[in-house]
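Undergrad: Line by line, the protein sequences are chains A and B. For what it's worth, the UniProt record's numbering labels the leading residue of the first sequence as 1, then goes sequentially. For what it's worth, the UniProt record's numbering labels the leading residue of the second sequence as 1, then goes sequentially.
Hints were generated in silico from the structure; no laboratory data involved. Be careful, since some hints might not be right.
When chains are identical, the list treats them as one kind, so a pair holds in a single copy or across two.
Lysine-lysine pairs mimicking DSS-like chemistry, simulated, CA-CA at most 27 Å apart [stated by the list, open to error]:
id, residue 1, residue 2
1, LYS264, LYS227
2, LYS184, LYS215
3, LYS264, LYS308
4, LYS49, LYS232
5, LYS49, LYS121
6, LYS308, LYS232
7, LYS227, LYS49
8, LYS184, LYS141
Bear in mind the structure is a predicted one, so any value in this text is a computation, not a measurement.
Number of protein chains: 2
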Amino acid sequence: MIEDKNQQRTSLGNLGEFGLIEHLTHDITTAQPGTLKGIGDDGAVLDFKDKKIVVSTDLLVEGVHFDLAYMPLKHLGYKAVVVNVSDIYAMNAKPTQITVSIAVSNRFPVEALDELYDGIKLAAKSYGVDIVGGDTTSSQKGMILSITALGEANAEDITYRSGAGETDLLVVTGDVGAAYMGLKVLEREKEVFVVNPQNQPDLDAYSYLIERQLKPEARQDINGILKALELKPTAMIDVSDGLSSEIIHLCRQSGVGCNLYEEKIPVDPQLINVCEEFNIDITTVAINGGEDYELLFTIAMEDFEKIKANPNFTVIGHMTQESEGIHLITRANTKIPLKARGWNALQEE
Amino acid sequence: MIEDKNQQRTSLGNLGEFGLIEHLTHDITTAQPGTLKGIGDDGAVLDFKDKKIVVSTDLLVEGVHFDLAYMPLKHLGYKAVVVNVSDIYAMNAKPTQITVSIAVSNRFPVEALDELYDGIKLAAKSYGVDIVGGDTTSSQKGMILSITALGEANAEDITYRSGAGETDLLVVTGDVGAAYMGLKVLEREKEVFVVNPQNQPDLDAYSYLIERQLKPEARQDINGILKALELKPTAMIDVSDGLSSEIIHLCRQSGVGCNLYEEKIPVDPQLINVCEEFNIDITTVAINGGEDYELLFTIAMEDFEKIKANPNFTVIGHMTQESEGIHLITRANTKIPLKARGWNALQEE
Chain A
1 MIEDKNQQRT SLGNLGEFGL IEHLTHDITT AQPGTLKGIG DDGAVLDFKD
51 KKIVVSTDLL VEGVHFDLAY MPLKHLGYKA VVVNVSDIYA MNAKPTQITV
101 SIAVSNRFPV EALDELYDGI KLAAKSYGVD IVGGDTTSSQ KGMILSITAL
151 GEANAEDITY RSGAGETDLL VVTGDVGAAY MGLKVLEREK EVFVVNPQNQ
201 PDLDAYSYLI ERQLKPEARQ DINGILKALE LKPTAMIDVS DGLSSEIIHL
251 CRQSGVGCNL YEEKIPVDPQ LINVCEEFNI DITTVAINGG EDYELLFTIA
301 MEDFEKIKAN PNFTVIGHMT QESEGIHLIT RANTKIPLKA RGWNALQEE
Chain B
1 MIEDKNQQRT SLGNLGEFGL IEHLTHDITT AQPGTLKGIG DDGAVLDFKD
51 KKIVVSTDLL VEGVHFDLAY MPLKHLGYKA VVVNVSDIYA MNAKPTQITV
101 SIAVSNRFPV EALDELYDGI KLAAKSYGVD IVGGDTTSSQ KGMILSITAL
151 GEANAEDITY RSGAGETDLL VVTGDVGAAY MGLKVLEREK EVFVVNPQNQ
201 PDLDAYSYLI ERQLKPEARQ DINGILKALE LKPTAMIDVS DGLSSEIIHL
251 CRQSGVGCNL YEEKIPVDPQ LINVCEEFNI DITTVAINGG EDYELLFTIA
301 MEDFEKIKAN PNFTVIGHMT QESEGIHLIT RANTKIPLKA RGWNALQEE
């Protein structure tokens with residue numbers, strides 16, 4: 001993305017720290033009525049009136065969370081915001097503001113940061129959040145992004161991880177595993193590119209998976225849908241580290257067990273094809289893959305009627321007594337204990 | 001600090017990401033009545049009732065903002081919190097919560113992170129803020145710390161950078177320049193150590209400077225003192241990048257000029273001695289040094305009586321019409337335009 005020798009390259013040193021901040025943020029305006037003061041002072045000033053405030057933060061490190069060889073900077077900026085607002089949605093709250101801190105080495109020209117910020121600003125617009133502050137500094141190596149998101153909610157609407165009951169149903173939005181396989185496809189293409197830089201990859205058969213990896217979206221729509229259904233989840237979390245990890249979080253914090261049914265886990269048809277091509281077990285990917293940014297939640301059994309046949313939701317299991325443990329029930333009807341591996345662990349295989 | 005071969009070293013890999021977070025945060029409790037939910041969910045949940053919320057964030061990068069060769073990890077953790085709460089004080093607000101994100105390479109054992117967190121927890125206690133969330137991840141190289149601080153204030157108490165009037169007095173707390181010279185002393189000792197590792201440095205003559213660099217404190221006391229004096233600054237900022245930079249920020253955002261009087265700038269006697277020893281101009285250090293975490297503010301002329309003879313405050317200049325520019329008035333009564341160099345710029349000399 002930034003290796004094209006013909007494009008303009010302005011050295012970061014030309015602008016200086018204050019100049020760079022001004023350059024990147026001069027066109028940022030605010031829209032939230034609660035943003036009293038955004039960028040430009042020692043701190044932002046916010047007003048949430050009688051709402052509660054939800055705060056979440058994420059740190060993204062080049063080479064650990066993203067690889068600029070196949071992650072365009074604009075997409076990276078967009079995704080960094082998505083990751084954070086997803087956490088706010090997982091509390092059943094509405095994201096309202098973000099702060100954005102960036103450290104970059106001198107190898108990045110100003111134009112690269114412009115691209116990154118374009119993605120950040122686009123996502124902020126798309127999710128209706130104000131950019132109210134941040135920090136821009138240099139790094140010894142690579143790029144580091146730290147975003148903190150704030151959101152608001154009525155006290156009675158907030159969903160914690162700890163509220164799942166012993167007989168609750170386990171529900172997930174959308175489908176899972178695609179973002180992980182998108183990464184695998186991109187990694188393979190990078191290897192091909194290293195061997196033969198002239199090769200023009202045909203990625204049509206992988207378009208959904210790659211989009212899930214490069215331009216994921218947080219489930220901005222779900223809280224409204226739940227409200228319209230008059231349905232409050234008993235517990236909720238977003239799927240960032242993988243279904244398996246998130247289920248274990250819900251179980252541990254709620255003091256319950258869980259049976260997850262392999263045959264119920266929603267996956268995209270493209271994922272099935274590509275898992276076959278890569279000779280990878282599809283359920284392993286679906287439960288450990290991560291970065292799907294879907295919402296995983298539990299509801300009381302009597303609320304089943306409210307979500308039945310709703311295409312946004314799939315019931316994938318049910319909670320149990322804590323003593324029964326946390327298991328995957330396979331298609332062959334065997335019980336396998338779920339392990340929290342997370343997508344980092346999977347990466348190391 | 002972490003090179004002692006005899007001390008215990010637990011590899012980060014032994015704990016895993018979730019284990020590490022649990023290990024570092026299991027003893028963190030919350031004390032602020034407004035913290036409804038701290039660490040352990042997708043987001044923290046806070047209640048500020050009818051107060052306004054102030055948010056500030058900072059990113060600290062190894063090799064750029066700190067050098068672990070002379071910055072003990074506990075001090076680093078403490079300082080990272082101080083830097084952030086200082087921004088909240090600079091808004092005339094009270095810090096209430098922080099989030100802490102850390103990226104580290106595998107060269108750090110768990111015990112090193114324990115030390116770092118000890119410093120963070122100590123500072124949180126000392127400034128009365130709750131640690132309510134964060135992120136812990138690996139880095140390809142070195143350590144990166146990102147802290148976001150939240151604070152609260154009544155709307156009418158908040159001070160912005162933009163409120164300085166044309167005839168206001170410019171006031172600074174404490175003294176300036178010491179933290180920068182503390183860094184110079186430590187850098188020199190590091191060079192000596194490289195040549196002769198057996199050398200035991202005698203740093204008594206530099207104790208104040210080194211403490212200002214390694215264990216700075218934010219001016220937690222000033223807001224209370226101002227309130228007791230029934231004095232509201234017209235504009236305020238904290239001195240993190242250097243007096244000169246901060247004055248320029250106040251002037252630009254308030255649309256005023258400034259005369260800063262060299263002879264009025266408060267410096268510690270130890271700074272005078274050490275500047276002589278290093279053959280560095282003391283005023284250059286005092287106005288460009290940075291990292292002092294003192295508060296710089298403007299007050300209406302008629303409020304002068306309230307701070308006169310108060311040992312916490314020094315009047316160092318006065319604001320002017322914008323067209324008059326921003327100048328240092330030297331002891332020889334010559335006018336030199338002030339430049340925003342910041343401590344990073346100074347470092348590169």
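Undergrad: Hint by hint, say whether it matches the structure.
TA: Here is how each hint holds up against the structure:
1. LYS264 with LYS227: within (25 Å within a copy, 62 Å between copies)
2. LYS184 with LYS215: Only inside one copy: LYS184 and LYS215 sit 15 Å apart there, 46 Å across copies, limit 27 Å.
3. LYS264 with LYS308: Answer is within: at 14 Å inside a copy they meet the 27 Å cutoff, but 75 Å across does not.
4. LYS49 with LYS232: both (23 Å within a copy, 24 Å between copies)
5. LYS49 with LYS121: Within one copy, since 26 Å is at most 27 Å while 30 Å is not.
6. LYS308 with LYS232: within (15 Å within a copy, 59 Å between copies)
7. LYS227 with LYS49: For LYS227 and LYS49, the Cα distance is within 27 Å both inside one copy (21 Å) and across copies (24 Å).
8. LYS184 with LYS141: Answer is both: 25 Å inside a copy and 24 Å across each meet the 27 Å cutoff.
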